[in-house]
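Engineer: Letter by letter, the chains look like this.
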Amino acid sequence: MATDYVMPKLAMGMNEGTIIEWLVTEGQQVERGAPLMQVETEKVVYDVEAPVAGWFHIKVAAGETVPAESAIGQFAHSAEEYAEISGGVVAEAAAPEVVFDENLTSTGAVMPAAPVAAPAAAAGGRIKASPLARKLARNKGIDLSAIQGTGPGGRIVKRDVLAAKVGAAAPATAMSAPGTLTVKGTVPLKSMRGAIARNMMQSLQTSAQLSQFSEVDATRLLKARSHFVNHADSYGTRVSLNAFMVKAIAVACQAVPIANAAIVGDEVVLYNEVNVGIAVSLPGQGEFDSGLVVPVLRNAERKGLVQIDSELRDLATRAREGRLAPGETEGGTITLSPTSAIGGEGVYCWSTPVLNLPQAVIVQPGMIMDRAVIHKGKIRKRKMMPLSLTFDHRVMDGDPFAAFVVTLRRCITSPELMLA
Amino acid sequence: MSEVRELPLVEAIKEAYQQEMERDESVFMVGQDIAGGIFPHTMGLVEQFGTDRIVDTPLAEVGMYGTAFGAAMEGFKPIVDFMFAGFFLNAASPILAQTAQFRFIHGSQMSLPMVITGACGSGMRLGNEHAMLVHNMIAQVPGIKVCMPSTPYDAKGLMISAIRDPNPVAFIWHLGTMMDRGPVPEEAYEVPLGVAEVKREGSDITLVANGIQYKNAVEVADKLEGDISVEIIDPRSVSPLDIDTILKSVDKTGRLVIVDESWDSRSTASQIAAQVVDVGFDMLDAPIRRVCIPDIPLPGGHMEPYVAPNPDAIEAAVRDVCQ
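Taken in sequence, the protein lines are chains C and L. If you count the first sequence from 1, position 383 lands on 388 in our numbering, and the numbers rise without skipping. If you count the second sequence from 1, position 269 lands on 296 in our numbering, and the numbers rise without skipping.
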């Protein structure tokens, strides 16, 4: 019997995967461990290796998005069996019989290869096509993503475009009648965009979100940071404000444990570890798209500022390069949406951050700017930070949340308290 | 119509010398061993034209070249023959710095109508200096035209064009083509400088090759006949480079392999690849492959045929691009 090959569930939160590219051809004899396909999940692009050896029959074409654990291919044990399952096509390889490992099932043995730079498609699912194929497709109005390439490494070449049906997915280029709208572009709600859309909607529709805005004096926080920056050479990193915010969140979570919690089933679960998710913005897959991923910095409560900062930089860099390892976006207990995420340079503002479910709190500091405030009875110029937070009113009420915010603010106004 | 006789490439070059020296008294030769003839292309010339016009010199390249340079300034049309082209490097400064820029420096008021020639190339295991490929080195500097024939017909026509051209022209010929025979018309004719030729029509891939590598390209195209249809382009001149002919072919085939017996880096192959990507990006259906000498010295011994471009390497590149 041929063994079904299913879309592997590469991370706990993975609901579906897009086959970016098959790294084997139909009917190819594949060794166990050989690169089999490239999959894009909601978060990252993985190279997936063959869990077993055999003659591989592709059942779902590259470019398709399918639910995790659904069948996408089959491993035949022999060329004859391949011919049977593929409908009479004889496999080209006539190599000696490959020993089939019965103990392995396709779901249990999938090994995500180290996410090294993929030769075929970079993060974001770039379509591999020759310049000539691209030009032909453009002229004929053919969508390259609908074509399976037959060139080296699955590259779409001229013959593939010529063989493709015209008009199947032609972009709307025709002039429209007056008064109607014309389409400038589309952004498919799939992969990362789909995941963001789904998560945001679900968050706002299924939880009781309450946002609170305040202004906090960050003059001394900036001063404290400047000491670290002055010693950046010895620390090996220019400790960022985000690192201070992560640390402050960890301190506040330890003071008010209910803030570091999640709704699981019918109970609120509190955690010992403060795992802070950091929202990192990414370029989108197309001209009009943008992306977002939230890698998790683990055990912030046990780490110093320098270590936190180094890890933050590493996570952000790899997030932008699409090189996060499986699991690195899982297990967050609270989220920090960094300063730069809203407003932008020179904009002093607040927003209503959307909870990263099932977590109970999200913290969003805004851009620190000079403001006139009353300080020790006089009008003074101080470095002020607009601070926005959202909490889940199902998890806690106003009092514990206020306690959390007070502790957080205290860490910002008097950063040395974080030494406690 | 009478049948065109066949001549070896060296005889075709010699005939160009003879016809141009008979036609124009200002043409003369200065070079090493040209009164004798290590290579047969100068055999008998001294008997025909005398020692005033066949000036044999000692192994002193700067002096030999200086004679030609000065004569060219005085209105003569010297052909200066280094025998082994690699030794032009001994006169690199007067050639590359002075000759190439002469017309520019003199505000286009003067030019040097001279031919710089010599043979080089793999295939005879001559070792590093004697086999050294220099066409791309000279082509690096604007101001000197550089050509390399692949057939006896082109050898005669290009040499006549080189002699008649008012600018300095380097005519570098490949040792491996020396005795190749091919049809050569008896009358004098020109093959234009800076113009490539489609030597074989095909539809699947454009294969650019010159010198002995043109022969190798033909061998590969013959072998692949029926499987892959190869179009062969002989650039004939590497400077100026006729990129239009190559682009026109790539527009048809969508694929390009360039064979250049030269070091991979900074070769004419690299230059062609860069220009095709620049202008013809949308024509390409596959990556461009170059078949060159890897960036190591060309060994003179038994390894030479493995290091220099060869039919196996060309075939592999063609098959790779045509996947």
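To be clear, the hints were calculated from the coordinates, so they are not data collected in a lab. Any given hint could be a false lead.
[Said to hold, decoys possible] Pairs of lysine-lysine residues, derived as DSS-like cross-links and limited to a Cα-Cα distance of at most 27 Å, are as follows:
no., chain 1, residue 1, chain 2, residue 2
1, C, Lys64, L, Lys275
2, C, Lys64, C, Lys228
3, L, Lys279, C, Lys140
4, C, Lys145, L, Lys226
5, C, Lys163, L, Lys279
6, C, Lys64, C, Lys189
7, L, Lys226, L, Lys242
8, C, Lys140, L, Lys242
9, C, Lys228, C, Lys140
10, C, Lys163, L, Lys226
11, C, Lys145, L, Lys275
[Stated by the list, open to error] Under 7 Å between C-beta atoms, here's a sample of chain C residues computed to sit facing chain L:
no., residue
12, Val65
13, Arg131
14, Ser135
15, Pro136
16, Leu167
17, Ala168
18, Lys189
[Stated by the list, open to error] For each label pair, taking beta carbons as the anchor points, the in silico distance ranges come out as:
no., chain 1, residue 1, chain 2, residue 2, range
19, L, Pro332, C, Arg131, 53 to 61 Å
20, C, Val192, L, Pro332, 54 to 62 Å
21, L, Asp278, C, Arg243, 38 to 46 Å
22, C, Arg131, L, Val222, 57 to 65 Å
23, C, Glu335, L, Pro314, 34 to 42 Å
24, L, Pro332, C, Arg243, 55 to 63 Å
25, C, Gly351, L, Asp278, 46 to 54 Å
All values reported here derive from a predicted model rather than from experimental measurement. We put the CB at the ideal spot given by N, CA and C, even for glycine.
Engineer: Each hint needs a verdict: does it hold in this structure or not?
Structural biologist: Each hint, compared with the structure:
For the proposed pair C:Lys64 and L:Lys275, the alpha carbon gap of about 41 Å is over 27 Å, so the pair is violated. Restraint check: the Cα-Cα separation between C:Lys64 and C:Lys228 comes to about 60 Å, which exceeds 27 Å; the hinted pair is violated. Of the pairs offered as hints, the one joining L:Lys279 and C:Lys140 holds, with about 14 Å between alpha carbons and a cut-off of 27 Å not exceeded. Distance hint between C:Lys145 and L:Lys226 is unfulfilled; the C-alpha atoms sit about 33 Å from each other, more than 27 Å.
Straight-line distance between C-alpha atoms of C:Lys163 and L:Lys279 comes to about 12 Å, which keeps the hinted pair within the 27 Å bound. Proximity of C:Lys64 to C:Lys189 is assessed by CA-CA distance (about 34 Å); at most 27 Å being required, the pair is judged violated. The straight-line distance between the Cα atoms of L:Lys226 and L:Lys242 is roughly 11 Å, inside the 27 Å bound, and the hint therefore holds. Restraint check: the Cα-Cα separation between C:Lys140 and L:Lys242 comes to about 35 Å, which exceeds 27 Å; the hinted pair is violated.
With a C-alpha separation of about 56 Å, the suggested pair C:Lys228 and C:Lys140 falls outside the 27 Å cut-off, and the hint is violated. About 25 Å separates the Cα atoms of C:Lys163 and L:Lys226, which keeps this hinted pair within 27 Å; it holds. Between C:Lys145 and L:Lys275 the alpha-carbon distance is near 22 Å, which keeps this suggested pair within the 27 Å criterion. The beta carbon of C:Val65 comes no nearer than 24 Å to any beta carbon in chain L, farther than 7 Å, and the hint placing it at the interface is violated.
Annotation: interface hint on C:Arg131 violated; nearest CB of chain L at approximately 16 Å, more than 7 Å. Evaluation of the C:Ser135 hint against chain L yields a held restraint, the C-beta minimum of about 4 Å falling below 7 Å. Satisfaction of the interface hint for C:Pro136 is found here, the shortest Cβ-Cβ separation to chain L being roughly 5 Å, below the 7 Å cut-off. With a cut of 7 Å, the hint placing C:Leu167 at the interface with chain L is violated, because the nearest CB-to-CB distance is about 11 Å.
The criterion of a C-beta within 7 Å of any C-beta in chain L is not met by C:Ala168, whose closest approach is roughly 14 Å, and the hint is violated. Against a cut-off of 7 Å between C-beta atoms, the interface hint on C:Lys189 is violated, since the closest Cβ of chain L lies about 24 Å away. In this structure, L:Pro332 and C:Arg131 break the distance hint of 53 to 61 Å, their C-beta atoms being roughly 41 Å apart. Separation of C:Val192 from L:Pro332 is about 57 Å and conforms to the stated range, judged on CB atoms against 54 to 62 Å.
In this structure the hint that L:Asp278 and C:Arg243 lie 38 to 46 Å apart at CB is violated, the actual value being about 53 Å. Distance hint for C:Arg131 and L:Val222: a CB-CB separation of about 40 Å, inconsistent with the stated range 57 to 65 Å. Checked against the given bound of 34 to 42 Å, the beta carbons of C:Glu335 and L:Pro314, roughly 39 Å apart, stay inside it. The hinted window of 55 to 63 Å between L:Pro332 and C:Arg243 holds, with their beta carbons roughly 58 Å apart.
Taking the beta carbon of each, C:Gly351 and L:Asp278 are about 51 Å apart, inside 46 to 54 Å as hinted.
In this structure, the earlier hints numbered 1, 2, 4, 6, 8, 9, 12, 13, 16, 17, 18, 19, 21 and 22 are contradicted, and the remaining ones agree with it.
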